[in-house]
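Asker: Sequence:
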Amino acid sequence: MPHPGPHPRPWSRPLLALLAATALTGLAPAPAQARPPQGEGPLQRRLDELVATAGGPPGVIAVLRRGGRTEVLRSGVAEVGTARPPRITDHMRIASAAKAFSGAVALGLVDQGLLGLDDTLAERLPDLPAAWGAVTLRQLLNHTSGLPDYSDAPAFREILGADPHHRFDSRCLLDFVADQPLNFTPGSAYRYSNSDNIAVALMAEAASGERYEDLLRTVVQQPLGLRRTSLPQGYRLPEPYLHGYAVQPPEAPEDVSTLFGASGSWASGGIVSTPEDLGTFIGAYAGGRLIAPAVRAQQLTFVDGASEPAGPGRNEAGLAIFRYSTRCGVVYGHTGNTAGYTQLAVGTPDGRRSLTFSVTTQVSERSNAALLAELRDVQEDFVCALLRG
1 MPHPGPHPRP WSRPLLALLA ATALTGLAPA PAQARPPQGE GPLQRRLDEL VATAGGPPGV
61 IAVLRRGGRT EVLRSGVAEV GTARPPRITD HMRIASAAKA FSGAVALGLV DQGLLGLDDT
121 LAERLPDLPA AWGAVTLRQL LNHTSGLPDY SDAPAFREIL GADPHHRFDS RCLLDFVADQ
181 PLNFTPGSAY RYSNSDNIAV ALMAEAASGE RYEDLLRTVV QQPLGLRRTS LPQGYRLPEP
241 YLHGYAVQPP EAPEDVSTLF GASGSWASGG IVSTPEDLGT FIGAYAGGRL IAPAVRAQQL
301 TFVDGASEPA GPGRNEAGLA IFRYSTRCGV VYGHTGNTAG YTQLAVGTPD GRRSLTFSVT
361 TQVSERSNAA LLAELRDVQE DFVCALLRG
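For what it's worth, the working numbering labels the leading residue of the sequence shown as 1, then goes sequentially.
Honestly, I wouldn't trust all of these hints.
[What the hints assert, rightly or not] Cβ pair distances, simulated, as ranges: (1) Pro42 x Glu123: 48 to 58 Å; (2) Ala54 x Pro126: 19 to 29 Å; (3) Leu387 x Ala294: 23 to 33 Å; (4) Thr82 x Pro126: 51 to 61 Å; (5) Phe184 x Thr82: 32 to 42 Å; (6) Pro42 x Pro126: 52 to 62 Å; (7) Glu123 x Pro250: 47 to 57 Å; (8) Ala54 x Arg289: 37 to 47 Å; (9) Ala134 x Thr82: 49 to 59 Å; (10) Arg289 x Cys384: 51 to 61 Å; (11) Ala155 x Pro349: 40 to 50 Å; (12) Gly41 x Arg191: 39 to 49 Å.
Bear in mind the hints are in silico, worked out from the structure with no lab data behind them. For each residue, glycine too, the CB sits at the ideal point set by N, CA and C.
Hey, can you work out the whole structure from these sequences and the hints?
Answerer: Printed below as a string of structure tokens:
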């Protein structure tokens with residue numbers, strides 16, 4: 001049964017406002033806590049070093065799947081104050097890696113002929129601002145829509161700062177920016193926006209007549225057997241879970257696992273999953289198992305653009321998927337970060353190999369550029385091991 005987790009200490013209003021302002025956008029304090037080395041081998045040493053780095057995470061778990069073989073490496077703990085290691089069945093917030101799931105739903109409907117990649121907001125969601133009407137599903141999926149990001153809206157941040165457990169109407173999140181014009185002409189530039197995948201989910205609902213949660217279940221979860229993946233509205237996490245942390249130096253890491261509810265991120269970042277389920281999903285998604293070849297060819301048309309945070313190697317954006325070109329080869333997938341968590345989930349183009357890399361603190365360019373650079377370097381080593389092993 002889920003429970004709210006440990007009661008957090010009273011946060012100062014400035015820090016709570018900071019966390020609220022960046023719960024979706026990649027800026028939060030990062031823990032600084034050393035851990036002793038826990039294993040042998042070059043990959044294990046890299047994880048141990050990452051956890052021991054100043055500002056490093058209390059825990060990390062990497063799961064490599066190569067055909068029928070699964071290799072699990074981990075360092076640190078699943079919960080500070082315990083000796084419990086991170087496990088592949090621990091629940092966790094996958095943050096913006098959830099955008100790959102909403103992409104899978106939308107592309108599945110395209111495959112069924114219920115949606116078209118060039119369908120516009122004006123056609124499918126006529127109640128949205130007329131100024132946004134020319135935006136297409138394709139542009140939403142590759143972040144070239146120009147939609148203003150609702151998670152940057154002062155009114156949204158004010159609500160979240162005052163009440164982190166506030167229950168938003170997820171289908172009305174775009175109302176926070178409905179008075180704003182597009183940031184640029186659709187298709188003319190790349191800009192990562194959480195609004196894009198809210199609109200994707202709304203288009204999927206309009207085209208199918210079904211709730212997004214039900215579509216997620218029938219198009220993705222059931223076909224792949226994802227039994228520990230959910231899209232909650234509240235702030236609780238199912239047990240057991242990887243605890244996510246932030247710190248106020250020089251204090252110890254503070255548990256922020258249940259500080260925020262998921263209703264304010266919904267199809268853009270609200271999914272809770274496990275390393276095991278996420279690895280199953282990303283292998284199938286990267287390998288094109290959920291869609292026909294013609295739709296996949298459209299999905300794998302890339303533009304310059306990085307995920308948030310950036311993944312290993314060179315980043316390019318497809319339709320709800322990123323291409324990461326590393327020194328050892330190419331993988332497809334998605335990253336994500338939110339308060340307490342940073343995720344990387346990638347698979348090979350044939351879907352036979354996958355990697356999930358889960359870190360129990362938020363790491364971004366703005367919060368800790370040096371740590372992000374180290375994290376990306378470690379992730380690239382793991383991608384190389386995935387491709388060469």
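Asker: Between Ala155 and Pro349, is the Cβ distance one that fits in 40 to 50 Å?
Answerer: Taking Cβ atoms as reference, Ala155 and Pro349 lie about 42 Å apart, which means the hint holds.
Asker: If you check the beta carbons of Gly41 and Arg191, does the distance land in 39 to 49 Å?
Answerer: Because 40 Å falls inside the window, the suggested range holds.
Asker: Is it true that the C-beta distance of Arg289 to Cys384 lies inside 51 to 61 Å, as the hint says?
Answerer: At roughly 24 Å between Cβ atoms, Cys384 and Arg289 fall outside 51 to 61 Å, so the hint is violated.
Asker: Just to be sure I understand the hint, the distance between the Cβ atoms of Pro42 and Glu123 should be within 48 to 58 Å; is that true here?
Answerer: The hinted range 48 to 58 Å holds for Pro42 and Glu123, with Cβ atoms some 53 Å apart.
Asker: Could one say that the CB atoms of Leu387 and Ala294 fall in the range 23 to 33 Å?
Answerer: Between Leu387 and Ala294, where Cβ atoms are some 27 Å apart, the hint holds.
Asker: Okay, Ala134 versus Thr82 on CB: inside 49 to 59 Å?
Answerer: Taking Cβ atoms as reference, Ala134 and Thr82 lie about 53 Å apart, which means the hint holds.
Asker: The hint says 47 to 57 Å between Glu123 and Pro250; measuring C-beta to C-beta, is that right?
Answerer: Holds - the Cβ-Cβ distance for Glu123 and Pro250, about 55 Å, lies within 47 to 57 Å.
Asker: Is it true that Phe184 and Thr82 lie within 32 to 42 Å of each other by Cβ?
Answerer: Because 48 Å falls outside the window, the suggested range is violated.
Asker: Between Pro42 and Pro126, does the C-beta distance stay in 52 to 62 Å?
Answerer: At roughly 56 Å between Cβ atoms, Pro126 and Pro42 fall inside 52 to 62 Å, so the hint holds.
Asker: Is the distance from the Cβ of Ala54 to the Cβ of Arg289 consistent with 37 to 47 Å?
Answerer: holds (41 Å)
Asker: Indicate whether the distance between the beta carbons of Thr82 and Pro126 respects the range 51 to 61 Å.
Answerer: For Thr82 and Pro126 the Cβ distance comes to about 52 Å; the hint holds.
Asker: Taking 19 to 29 Å as the hint, is the beta-carbon distance of Ala54 and Pro126 inside that range?
Answerer: Violated: the Cβ-Cβ distance is about 52 Å, outside 19 to 29 Å.
Going through the hint list in order, the structure does not satisfy hints 2, 5, 10.
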